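Whole structure, please, built from the sequences with the hints as guidance.
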Amino acid sequence: MISRDSIEAAYCFLHQKYRVYEFSTSETQRDDIEFAIASYVDGMNKALYLELAKDRKEFLLNHVSFAKDMEEAIKALEAKL
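In this text, residue positions in the sequence shown follow the working numbering: the first is -12, and each later residue adds one.
Everything hinted at is true.
Result set (EDC-like, lysine to aspartate or glutamate): computed pairs, CA atoms no more than 16 Å apart in a straight line: (1) K67 x E(-5); (2) K4 x E21; (3) K4 x E14; (4) K41 x E59.
Derived from the structure by calculation, the hints contain no laboratory data. Just so you know, these numbers come straight off a predicted model, no measurement behind them.
What follows is the structure, encoded as structure tokens:
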């Protein structure tokens, strides 16, 4: 089951981290944010992650698609609020 609290928590965390990531010019800072998101994904509501990932095993975990994945996840979470 996906609770409203888990949706709100995921939205707040991802939105906050992405806003910093989006405007950061520091590769180290951007890498740290990717690591923080990967750690968050490990502990987040599994049903919510699976719904956001849509069967993509590396959703929010792949450096190449990270920015696109973040935008997609934030948009999907925002629609659920």
